[in-house]
Amino acid sequence: MDPSVALLTIFVLAVFVGFEVISKVTTVLHTPLMSGANAIHGIILVGAILVVGHSDSLVAVVLGVAAIVLATVNMVGGFVVTDRMLEMFKPKRKPQSSSDPGSAPAGPRGADK
Amino acid sequence: MTPVWSQLVNLAVAVAFIMALKGLSGPKTARNGNLLGAGGAALATVVVFFANPGMKNLPLIIGAIVVGTLIAFPVARKVKMTAMPQMVALFNGAGGAAAALVSVIEFLSSGHEESKVTLAATVFTVVVGSVSCTGSLVTFLKLQELMTTRPVILPGAKLFTPLVAVAIVVAAVALVVSPATWVLVALLLLSLVMGVLLVMPVGGADVPIVISLLNAFTGLSVAASGYVLDNVLLVVGGTLVGAAGTILTREMAKAMGRPLTNTLFGAFTATAGGGAAGPDDRPVRSSSPDDVAVMLAYARKVIVVPGYGLAVAQAQHTIRELADLLTARGIPVVYAIHPVAGRMPGHMNVLLAEANVPYEQLKEMDEVNPEFPSTDVVLVVGANDVVNPAARTDPAAPIYGMPILDVDAAEQVVFLKRSMRPGFAGIQNELLFDPKTTLLFGDAKDSLTKVVTALKAL
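Sequences listed follow chains A and B, in order. With the working numbering, the residue at position 109 of the first sequence is 109, and numbering never jumps. So the number in the working numbering is just where the residue sits in the second sequence, counting from 1, plus 113.
Everything hinted at is true.
Dumping the calculated DSS-like pairs for lysine-lysine here, alpha-carbon to alpha-carbon at most 27 Å:
no.: 1; chain 1: B; residue 1: 549; chain 2: B; residue 2: 569
no.: 2; chain 1: B; residue 1: 367; chain 2: B; residue 2: 135
no.: 3; chain 1: B; residue 1: 141; chain 2: A; residue 2: 24
no.: 4; chain 1: B; residue 1: 141; chain 2: B; residue 2: 367
no.: 5; chain 1: B; residue 1: 135; chain 2: A; residue 2: 24
no.: 6; chain 1: B; residue 1: 141; chain 2: B; residue 2: 193
no.: 7; chain 1: B; residue 1: 549; chain 2: B; residue 2: 476
no.: 8; chain 1: B; residue 1: 414; chain 2: B; residue 2: 569
no.: 9; chain 1: B; residue 1: 476; chain 2: A; residue 2: 24
no.: 10; chain 1: A; residue 1: 24; chain 2: B; residue 2: 367
no.: 11; chain 1: B; residue 1: 193; chain 2: B; residue 2: 476
no.: 12; chain 1: B; residue 1: 563; chain 2: B; residue 2: 549
FYI, nobody ran anything at the bench for these hints, they're computed from the structure. Source: prediction; values computed, not measured.
Construct the complete structure from the given sequences, taking the supplied hints into account.
What follows is the structure, encoded as structure tokens:
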């Protein structure tokens, strides 16, 4: 198969997988899902590493280093933020046994301080 | 050509991404899904070094990764839950910029001999990545309220925007036909301007949908850069996000009850000043915390409508305390969660979960709307647009058509507000002037604390 047709085939199939895989999502998960998907396109980091690794010109290296920093921010930040959001959805320790609301716990790990 | 073993690893990473998205769409599997995605991405990043021995600039590359991590990790750990949406927007802008840069560099090193198909992919990456970058920055500024949240139509934008669009198309075609660096630079700059022009006219309440759309854009841009670099993993990862992001954007727009084109270009067609908020001198009924406490204490049924104002005031814990007190008095309390309460779909659920509000008290819009007519008191805490009847009655309002919580059907409504300032969409809420409405001005947390104290004394 012609290499560029092979890539096109992969592209088209991936479009359908992308459509199918999240066809039904509750609104509750819209924000974390968007954030998680956002982190996944941080995979551009791999591309940025490759272009810098094969560049000699100063301009290319400077731009490429910027691209690596940005891509890393996208990937690392994206996954960490998503995890923090989803942390909030973990099962509760004890449902409504505290009759004294004054002792309400200050939230998991005081994450939102 | 990369070795076969690394291609196989990339296949595994691609599968991990698919499973990650699948996991993220279910509440029980979401967290593991995200971790799987992170693991896949980390694996792919490590493998690229071993699969391409003899890469140049290694110290620079590793240094840049370390710098990026040092920037992103602490920020992502510390950012407030209320500021999550704009954080995601910033990360997305970074990704778009990175994708555009990667294609620019590839063009600089070998663009002049590239095939037409590769050049077309380069053009696509640069245009879409740049639009996503500056567009995301504008959404960040809007959500962070560093600029107005109302739709902004720059002078001459009606003429200028199509002009820039045409210029982009011309530059794109020119670049594919006869590749030249200056054309690429022009294309890059035009696209950066386009991103700003596209997002400026979007009203505050619609910004989350645009972030989701730009997220899909970045995905497609990454996919196209994979085409340029002949890298399967970039094609798969980018395309997955592009496709899933498109579906998600459509779902979000549906939750807001607005077609996507309306979100993007609504400001241009809306009648000038329609539903606009000016200073309004009509009388409102304001009240004291003690009165509100009495009202609540003798209600038979109470519904709380939490909004972004609650989150900003960090009043999640106080509202829970109030709800617990009422429940102890035998008054049923539920929280009515509008799909876009907070800044984004699902945002409010995250915030309340953080305050340990029991799940069974959270009710979604369709479930809770029939209950309003039989409710004595609705406590609206820092919400505005999601209970604004203008969404049903005023075709000129920017939020017209958005499904809202039918708070006006309840017997009495109490608004906790800081001021008469209109909501995020920038329009006035008629309900504030309704005779059945009582206002309690002040910081949501202060007001609630006072109500709680008064309630305890009763």
